[in-house]
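Undergrad: Read off the chains here:
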Amino acid sequence: MVRIQAPPSLLNSSSCQICNVNHHAIDILIRNCHSAISGTGGGSNDVQWCFSQVKGAIDDDVAEADIISTVEFNHSGELLATGDKGGRVVIFQQEIENKSQPQCRSEYNVYSTFQSHEPEFDYLKSLEIEEKINKIRWLPQKNAAQFLLSTNDKTIKLWKISERDKRLEGYNLKEEDGRCIDPNTVTALRVPVFRPMDLMVEASPRRVFANAHTYHINSISINSDHETYLSADDLRINLWHQEITDRSFNIVDIKPVNMEELTEVITAAEFHPNQCNTFVYSSSKGSIRLCDMRASALCDKHSKLFEEPEDPSNRSFFSEIISSISDVKFSHNGRYMMTRDYLSVKIWDLNMETRPVETFQVHEYLRSKLCSLYENDCIFDKFECCWNGNDSVVMTGSYNNFFRMFDRGQRRDVTLEASRESSKPRQVLKPRKVCAGGKRKKDEISVDSLDFNKKILHTAWHPQDNIIAVATTNNLYIFQDKVN
Amino acid sequence: MLGNGVKRKLDEDGLEEGKALLTSAARAAGSHSRINYTLQRQTVLNISLMKLYGPARTPATEPALQRRVLINNVIRRIHHEFKEEGGAGLRALFFAVPPPAPNITEDEGYHEAPSSTFSGVLSPPLSPLSSLDSGLTPASLLEDDPPLFFALPPSSPHPLGHHPLSPRPSAPPPPPAKDSFSSALEEIEELCPIAVTTSTTSSLPLSPPPSPQPPPSLPAGMDMKEEGRTYNPKDKESLLLDDGQAAKNVLADPPSAPADLSPSSGGFLTDFALDDILFTDIDTSMYDFNPPCGASSVPPNLGVSKTTPMVTADDLVKTLSSYSGGGVGSPPLAQNQPFKMDLAELDHIMEVLVGS
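Just so you know, the protein sequences line up as chains Z and E, in that order. Under my numbering, the letters of the first sequence match residues 921 to 1404, in that order. Under my numbering, the letters of the second sequence match residues 1078 to 1433, in that order.
Derived from the structure by calculation, the hints contain no laboratory data. Incorrect hints may have been included.
[Stated by the list, open to error] Here are a few chain E residues that face chain Z, going by a calculated C-beta distance under 7 angstroms:
| no. | residue |
| --- | --- |
| 1 | V1121 |
| 2 | I1124 |
| 3 | T1138 |
| 4 | E1139 |
| 5 | N1150 |
All C-beta atoms in this analysis are idealised placements derived from N, C-alpha and C, irrespective of residue type, glycine included.
Turn these sequences into a full structure, and let the hints steer you where they fit.
TA: Okay, structure coming up:
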């Protein structure tokens, strides 16, 4: 965004309605700031979301291993990966759109399934290491194969997913069924030829990045330099090269000398989408630190600290816990970042550290229930959040299988539900409403009847289209906007 | 609610009431709001302690550090409030509550302390009533909560014994932990010289036995730890007498907790020592192979950041034992890094693990 120096007479001092930043310059800047966002498509109230598909068992009895723990689209949106508590990764592929039926958008079907991580045992501490997949991140595609990083609490693995639709026939030393041919019986040689075969998708582990984290890995993020990536655990962040597995650089270390003084942990970290030297990490105290790797080798000293002062009127015993940030995501254009704490979603302008430019309340009605939620541990649930393709709408999950979308430009929000009841093909999702108190209107749900076991922690938005993947406990719902 | 001499057990109902109080706090008015707030705080403290040290959770995996840090911060904050309030706030609280008559039910209540672990927690006014000294009351409340957790009958295993962090190899606890432990204890003592007693070994550098002053809260605290010991908190003189007796008795008490407790996770601990337990186990800094900053192992002329392969003791053991980690290339790390850990200790650990 170029700042043009205009003569004072032309200066038009007015503020952007959304971020309240005063633009002492030409209107162009105001337009570029926020108002341009709305109208470029994707506004949540323009879009009507329809059910498309649901994956997973219909059974109400959820097997622990089937609990979905991460959801991620690849860079083109053609592939959708999920990880579960059993250490498995399931990849869905978007089928090519059926031209004859334009109202029926393409579907996602299973493309590959593999066991990424196995349970391990830490002999020294006599503790199990869970095989649950904490995060999956796709690498940008460089060739025909797809690559992704998947991580559990301790180990990161680079997986190659490749297709094979041809096979070689006519080996000289091997029969078709695999038996070896005695070389002495070979009288003539032939050149093996390729023959088509049924598509086979193979997943193979290409790199294993292990033994670098004492604490539980919560984030991985691939750098825009396409060579490195970071992994973050509770107290440290390491920088890896994608090819090198036996060493990593420690770039952030917040472990105190005396562990008794530990009061803050790292909760999430991400690289900037465009600047390969910049990354952010969030903490359990509600602050986000932006670091520049050019400044020093060890980025303990942040370049920017994003922190909003606490609202004194909302102070309670649980203030710190609910301020703990569970997810941080840069916008696609790299100008903003979004953080999710227990009750709200905040959008930060990277140029302003003092407060977020937008705050959206996800489920403010839970504020009076914090003690119960503390007791049943729900207050520690880590909700994720995501941007849509053009950064105009953000989405996050809630309880009772509700998920929320916030349209930044039009300042509107909607609550939708992922349930089997509204899962008829192309059924339009009806907005839901929670009644915080007082008289409950028809179709509203009262706070006390919310099911806190049905939580939507993981959501993902297609990088270009209005297709979203929403994970309930063990089901993956895919919704698309209604094509008129 | 705070009836005359009626002991309330901290069970679901108690918590529910506390929670109800929390939600209705805004509506409380007048003199009740102070009590309400204190009860809320107590409830939150109880829940927090239960979460951290309650026997219910025995996960095979390591509990989440973030969760523990957050809960610990809540506990710390509440204790900080206790400290800051000193006697003023709590004195008002005590005056507001009629002291219970010295009757048998009360004694029985204390008898019952072991079986219903949290009995009496919600009735702080009942315990150290004579602790009118300002310096005493916060610690007495301090003492109320954590020790009650551990006021279990000898037969049941100590909650910390089941704590997933506490199983360690029988290597001696790292000295820094001990120091911080004892320094934390001294800190508590300054607040209120209540003995932090352990029913296990006396090998720990525990704070000295309870000094005679200030007497009143001391026996209260002691009492909480005494299983089945009767106690009449009413009479100051009797307190003084009890004090001396209690002191002797506690120390003389045979260790009732299971002997498999690692030394630093003693029987009756304050929250500061619990912090110690909380974090010491996962602190492998002693075994970290990070070269200190500016160490010669990092070539100064390279512009790279410090290369820390992050080899820890557990990794070492893993590579030594048969580790079936999947995938390509799980190489042993940085064997050329200097071993901070004493090889003798490593041998010892290996022996334990191999079970020779």
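Undergrad: Check each numbered hint from earlier against the structure, then list the numbers of those it violates in ascending order.
TA: none
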